[in-house]
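S.K.: Position chain V against the provided structure of chain E, taking the given hints into account.
Protein chains in written order, with the numbering used here: chain E, 3 to 441; chain V, 3 to 441.
The reader is advised that the hints may include incorrect statements.
[Claimed, not checked] DSSO-like, lysine-lysine: derived pairs with alpha carbons at most 30 Å apart:
id, chain 1, residue 1, chain 2, residue 2
1, E, Lys-117, V, Lys-111
2, V, Lys-415, E, Lys-111
3, E, Lys-120, V, Lys-111
4, E, Lys-13, V, Lys-111
5, V, Lys-13, E, Lys-111
6, E, Lys-13, V, Lys-66
7, E, Lys-111, V, Lys-111
8, E, Lys-111, E, Lys-13
9, V, Lys-117, E, Lys-111
10, E, Lys-66, V, Lys-111
11, V, Lys-193, V, Lys-111
12, E, Lys-66, E, Lys-193
13, E, Lys-417, E, Lys-385
14, V, Lys-117, V, Lys-66
15, E, Lys-120, E, Lys-13
16, E, Lys-193, E, Lys-120
17, E, Lys-415, E, Lys-387
18, V, Lys-13, E, Lys-66
19, V, Lys-415, V, Lys-387
20, E, Lys-111, V, Lys-120
21, E, Lys-66, V, Lys-66
[Said to hold, decoys possible] Here chain V is said to cover these stretches of chain E; the calculated rule only asks that three of the stretch's residues, wherever they fall, bring their Cβ under 8 Å from a Cβ of chain V:
id, region
22, 92-101
23, 131-142
24, 306-319
25, 391-403
Calculated directly from the structure, the hints in this document are not laboratory data. Even for Gly, the Cβ is constructed at its ideal location relative to N, Cα and C.
There are 2 protein chains.
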Amino acid sequence: MGSTVTARLLKGFRDATPEVEVVRRTYLGRLEAVAQGFGYLPIETPALEYADVLLARAGGDAQKEIYRFHDHGGRDIALRFDLTVPLARFVAVHAASLPLPFKRYQSGKAWRGEKPQKGRYREFVQFDADVIGSDAAASDLETLALTARCAEELQLGPFRVAVSHRDVIGSLVRRHDSEANLVALMRVVDKAGALSREELIAALGEHTGGETVQAICDLLDTSGSYASEGNAGVLDAIERVVGPCEGVARLREILSLTGDQQPLASALQVDPSIMRGFEYYTGMVFETQLAQMPQVGSVGAGGRYDDLIGLYSSQQLSGVGMSVGVDRVVHALAEEQGLPDIRPGGDLILFCLDDALAADYQRIAAACRAAGIRTDVYPTARKLKAQFAYAEQLRIPFGLFYGEEERERGTVKLKELLTRQEHPELSLEEAIEQVRAAI
Amino acid sequence: MGSTVTARLLKGFRDATPEVEVVRRTYLGRLEAVAQGFGYLPIETPALEYADVLLARAGGDAQKEIYRFHDHGGRDIALRFDLTVPLARFVAVHAASLPLPFKRYQSGKAWRGEKPQKGRYREFVQFDADVIGSDAAASDLETLALTARCAEELQLGPFRVAVSHRDVIGSLVRRHDSEANLVALMRVVDKAGALSREELIAALGEHTGGETVQAICDLLDTSGSYASEGNAGVLDAIERVVGPCEGVARLREILSLTGDQQPLASALQVDPSIMRGFEYYTGMVFETQLAQMPQVGSVGAGGRYDDLIGLYSSQQLSGVGMSVGVDRVVHALAEEQGLPDIRPGGDLILFCLDDALAADYQRIAAACRAAGIRTDVYPTARKLKAQFAYAEQLRIPFGLFYGEEERERGTVKLKELLTRQEHPELSLEEAIEQVRAAI
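Chain E extracted, bound-state conformation (with noise of 0.2 Å):
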């Protein structure tokens, strides 16, 4: 008989296999606990919202990639397309039982149909933790901080926290040319690290004049100062490029309160040239890179966005929060690196010697799980060359037998799968203890 509909996968979406699934489900359960350390609430949004409500500050790009359409009611309706937007909705709806701030973290999935490519997918699962109703700079620290601890529970080996301050380039572009098109110029920024300088200094010129431009550059050129003088330095020499600003005065308060927090102290590194996409920024941004694995991109990315809250709310409440794209890491992981190696599957199998033992296995199976052993069973009686290659490929480290000899005796035989050291004549207790001592 043949199938009756071909098993097929959108394009740009992808399962997630065991080995897959569980290295996702270990990070997002360790970003979880580190927002839960800083004493951050969880809470969930529904995946459809009106489509209005998702787009009210979204740009071009959101309202070409957004997956739109007529639901049952005939209203117009929207996957959600970051964690963010529906963050904004919910704190406008609930304001009155909030506490403030509002410290929430949350995972989940969003949806773009943009053009599938390398590490791009249309579905992606993220982790968002963020503080609502606290312009103060100690809630940008705490979201520095928090940033740094998650890129540390990741285990990708060493990362910077790159920082910056929207109004560094605003002041910047006030001073020199307050008519040039700030979202254009901060577009060419955001894009250079992957020009030349002599492409760098024509996509600027398209839109400012030529001493603009030379600030511009001059104010990219201050992160080489962190080498010999540190983040002091870079600000000091930014505020010789801009002039004394808010933006300026707003970083040395986060460096001053970091003082030698670890793992942040190590790891921050004002850079003016990170500029974060969205539109709704509207203070600090940030991004943490890996030095090891570059092309893995940000794996902890924000910053402040003071606006946001009030397209939902005559509640003015100021935003600052962060955003890691656990997919993307583990797909970019699993296509570059490997991932890390994490056993989705059992400690221990029983093997089925005899299906008239069936009850048997049962009883011991509840035994071991009782004990904290997770215990896989084998159903049936099937060759015994069928059922290693099963444990095999699970790479599960223990197996236990127990057939019409052993059930005779009361005893079992314990059996580690790699080294292929037998433990027979154990009893059951025993051989529960040997499974647990090494796991």
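M.R.: Just chain V now, kept in the frame of chain E:
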């Protein structure tokens, strides 16, 4: 300044506030740990699939209720309405690389545009666990044992796992009226609990003759034997009505495999009224009911489906599995019963007594977090009344005071916020030790 967009939720959709979300996450974590304990592997599949893939075996309700639309590339796509159909599609796509039997668990959202009503929402989180590629009674038993462990982990009081087999009513109808519409009769029996005996007889009578109606009533009455004669008595009674059949034989085998394995052994009850709605079930069917909270509905239900994978694959693979409607349970509790008391927030709050000490608060918080204490920092030196109100709303049990005086002495003051007991003049290490001992 007024808001520009009205923040609102779609009808039939809910936000999960922190008190709800922390319970949902706790439940999901426990259910996932049970599945891991049985050696099951995690996977994830996309929320969006080709509509023809999702609807391959769906009945009329799913057709009507599914969220279906065309994407940017004109593809006919839809949101998944359960996790079982995507599993069948997943198995067909990845068959070559999967271990068999393939035991998988998955948790995630599904969507149905059904009429919103009490306890029914258009978006819901499910937890599923299934075994693919084993038609053994041992896999039926494992599914029931796992279900009973899941129900136990929800900690909602006593429960029963009511089990039947599709072949029981199938054999009965074949014997008495092989022309009758079995699916229609099953639908009536599925609703029998809400009908009087007269209504039941009338409803059955629309689809078959009096002799068959009587036999079905006799079949349903067999569950009365449970109190005096246990499951073996019910099965004997069923056999007297239906005659020897595959369904009774398989249920006897499951019973024998159960032995005295708890919590299943005490919870398992053969009940021929159990039908389950989905058309894809072919063997054992079951549902789990809470004794003290019947209004919560089934907290774990499922069955065997041996023809579903074959829709997508030339390989015929049997399946058996269970599903917990986690969202339904959580929201039913929130409405009826009160949620279990799980605090979502921090263990300790650092009150901000002086903005000039902000860097010290960050340093102290980092030390507390490193010691495993979930530590919140109030970001600015607002009035203490406001800071206390924040801590009270989050039910944070400990507060730490550190002002100019403490800074000079090198001490902190710890306060138990519920009892208002104060511990002044502690070293930071002593305070950390006290909080750790209490949490």
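S.K.: Would you mind marking each hint as holding or not holding in the structure?
M.R.: We went through each hint and held it up to the structure:
1. The straight-line distance between the Cα atoms of Lys-117 (chain E) and Lys-111 (chain V) is roughly 25 Å, inside the 30 Å bound, and the hint therefore holds.
2. Between the alpha carbons of Lys-415 (chain V) and Lys-111 (chain E) the distance comes to roughly 43 Å, so the proposed pair goes past 30 Å and is violated.
3. Taking the CA atoms of Lys-120 (chain E) and Lys-111 (chain V), the gap is near 26 Å; set against the 30 Å cutoff, the hint holds.
4. Between Lys-13 (chain E) and Lys-111 (chain V), the direct Cα distance comes to roughly 21 Å. Compliance with the 30 Å bound is thereby established for this hinted pair.
5. Simply put, Lys-13 (chain V) and Lys-111 (chain E) have alpha-carbon atoms about 21 Å apart, close enough for the 30 Å limit, and the pair holds.
6. This hinted pair checks out: Lys-13 (chain E) and Lys-66 (chain V) have alpha carbons roughly 25 Å apart, not beyond 30 Å.
7. Restraint check for Lys-111 (chain E) and Lys-111 (chain V): satisfied, since their Cα atoms lie roughly 10 Å apart, inside the 30 Å limit.
8. A distance of roughly 17 Å separates the Cα atoms of Lys-111 (chain E) and Lys-13 (chain E); the hinted pair therefore holds under the 30 Å criterion.
9. Distance hint between Lys-117 (chain V) and Lys-111 (chain E) is fulfilled; the C-alpha atoms sit about 25 Å from each other, no more than 30 Å.
10. The hinted pair formed by Lys-66 (chain E) and Lys-111 (chain V) meets the criterion: a straight-line CA distance of about 25 Å does not exceed 30 Å.
11. Restraint check: the Cα-Cα separation between Lys-193 (chain V) and Lys-111 (chain V) comes to about 27 Å, which is no more than 30 Å; the hinted pair holds.
12. Restraint check for Lys-66 (chain E) and Lys-193 (chain E): satisfied, since their Cα atoms lie roughly 21 Å apart, inside the 30 Å limit.
13. Proposed proximity of Lys-417 (chain E) and Lys-385 (chain E) is supported: the alpha carbons are some 17 Å apart, at most 30 Å.
14. Proximity of Lys-117 (chain V) to Lys-66 (chain V) is assessed by CA-CA distance (about 11 Å); at most 30 Å being required, the pair is judged to hold.
15. For the hint linking Lys-120 (chain E) to Lys-13 (chain E), the alpha-carbon distance of about 13 Å falls within 30 Å, and the restraint holds.
16. Restraint check: the Cα-Cα separation between Lys-193 (chain E) and Lys-120 (chain E) comes to about 18 Å, which is no more than 30 Å; the hinted pair holds.
17. Using a Cα cut-off of 30 Å, the hinted pair Lys-415 (chain E) and Lys-387 (chain E) holds, with the two alpha carbons roughly 17 Å apart.
18. Taking the CA atoms of Lys-13 (chain V) and Lys-66 (chain E), the gap is near 25 Å; set against the 30 Å cutoff, the hint holds.
19. This hinted pair checks out: Lys-415 (chain V) and Lys-387 (chain V) have alpha carbons roughly 17 Å apart, not beyond 30 Å.
20. Restraint check: the Cα-Cα separation between Lys-111 (chain E) and Lys-120 (chain V) comes to about 26 Å, which is no more than 30 Å; the hinted pair holds.
21. The suggested pairing of Lys-66 (chain E) with Lys-66 (chain V) holds, with an alpha-carbon distance near 28 Å, which does not exceed 30 Å.
22. Counting residues of the region 92-101 of chain E whose C-beta lies closer than 8 Å to any C-beta of chain V gives 6; at least three are required, and the coverage claim holds.
23. Under the rule that three or more residues need a Cβ within less than 8 Å of chain V, the assignment of the region 131-142 of chain E holds, with 6 such residues.
24. Here's how the region 306-319 of chain E fares: 6 of its residues keep a CB closer than 8 Å to some CB of chain V, so the rule of at least three is met and the hint holds.
25. Chain V is given as covering the region 391-403 of chain E, and this holds because 4 residues of the stretch bring a CB closer than 8 Å to a CB of that chain, at least three being needed.
When the structure is compared with the earlier hints, a violation turns up for hint 2 alone.
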